[in-house]
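Trainee: Sequence:
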Amino acid sequence: MTETTDRRAVSTRQQILRAAAHNFARLPFHEVGVDRVLAKAELTKGAMYFHFRAKLDLALAVIAEQSALAAEVAAELLARKLSGLETLIDFSYQLAVHDISDERCRAALHLIESMGRTDDLRTNLLESWIDNLALAVRRAVGEGDVFEDRDPHDVALLLVSVYLGLRQTSDLDQPQQFLGDLEKTWALILPGFVRPERIDYFRQFAKRRTTIVLGSVSALTGSP
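Counting in our numbering, the sequence shown runs from 23 upward without gaps.
I should point out that these hints are in silico values taken from the structure, not numbers from a laboratory. None of these values were measured; they are calculated from a predicted model. Even for Gly, the Cβ is constructed at its ideal location relative to N, Cα and C. Hints are supplied without guarantee of correctness; some may be wrong.
Stated by the list, open to error - Cross-link-like lysine-lysine pairs, in silico, BS3-like; alpha carbons within 25 Å at most:
1. Lys77 <-> Lys62
2. Lys67 <-> Lys77
3. Lys229 <-> Lys103
4. Lys206 <-> Lys229
As the list claims (entries may be wrong) - Restraint ranges, calculated between C-beta atoms of paired labels, are given here:
5. Thr34 <-> Ala101: 30 to 40 Å
6. Gly202 <-> Ser136: 45 to 55 Å
7. Thr233 <-> Glu64: 37 to 47 Å
8. Phe169 <-> Asp203: 19 to 29 Å
9. Asp171 <-> Gly55: 44 to 54 Å
I would like the entire structure built from these sequences, with the hints used as guidance.
Mentor: Here is the structure:
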């Protein structure tokens, strides 16, 4: 391929992925047909099948992009001078921002919920997510904020499970409600693995993040 052809192919692939994410963010996997994706992308089936053999491959590509983004966000947060537990809280709020305002993130997490463990989806996204969070938990243990007898992987698994559950019980389309529920969730789970004398600080840290992130989300989505 020439450089121009390569750029065109990359552009077309991204166009298809954006159209797919738009639909997967709103509908379960089984309700999204290829024709619906192509109508949104304004492309032909030939263009679609050049890049993706089937709808499942398209869904997996959406998830793979989100997995890479989540790993990048986690790496950036781990590189900052925040404490381990501050990093964990920050990660949950960063994820919430993407989940609320970015169709690609919402689509990937919706797909995890609607497709289950098909084709090792849990390994593709959730395991890498858990592993990255466990690194921050280990840092928090070393810093004396988290009890030494708490297994970092178990704490990370808890945090991932809680966030996915929150997506079911709260409302991503109501940012103030969702972020408020996220803050309440942190307040409730902190006593399970954080030393008592540090709990109030981290509750206040989560509260400050709620205020800051709500302002960011409002700017991104245009919501009041």
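Trainee: A range of 45 to 55 Å was offered for this pair. Does it hold for the Cβ distance of Gly202 and Ser136?
Mentor: violated (26 Å)
Trainee: Does the structure keep Lys206 and Lys229 at a Cα separation of 25 Å or less?
Mentor: With Cα atoms ~9 Å apart, Lys206 and Lys229 stay inside 25 Å; holds.
Trainee: CB of Thr233 to CB of Glu64, is that within 37 to 47 Å?
Mentor: holds (40 Å)
Trainee: Falls inside 44 to 54 Å, the C-beta gap from Asp171 to Gly55?
Mentor: Holds: the Cβ-Cβ distance is about 50 Å, inside 44 to 54 Å.
Trainee: Can the restraint linking Lys67 and Lys77 be considered satisfied, given a maximum Cα separation of 25 Å?
Mentor: holds (12 Å)
Trainee: Are the Cα positions of Lys229 and Lys103 separated by 25 Å at most?
Mentor: holds (20 Å)
Trainee: If I claimed the Cβ atoms of Thr34 and Ala101 lie 30 to 40 Å apart, would that claim hold in this structure?
Mentor: holds (34 Å)
Trainee: Between Phe169 and Asp203, does the C-beta distance stay in 19 to 29 Å?
Mentor: holds (25 Å)
Trainee: With the threshold set at 25 Å, check whether the alpha-carbon distance from Lys77 to Lys62 stays at or below it.
Mentor: The given pair, whose Cα atoms are some 15 Å apart, holds under the 25 Å limit.
Of the numbered hints stated above, the single one contradicted by the structure is hint 6.
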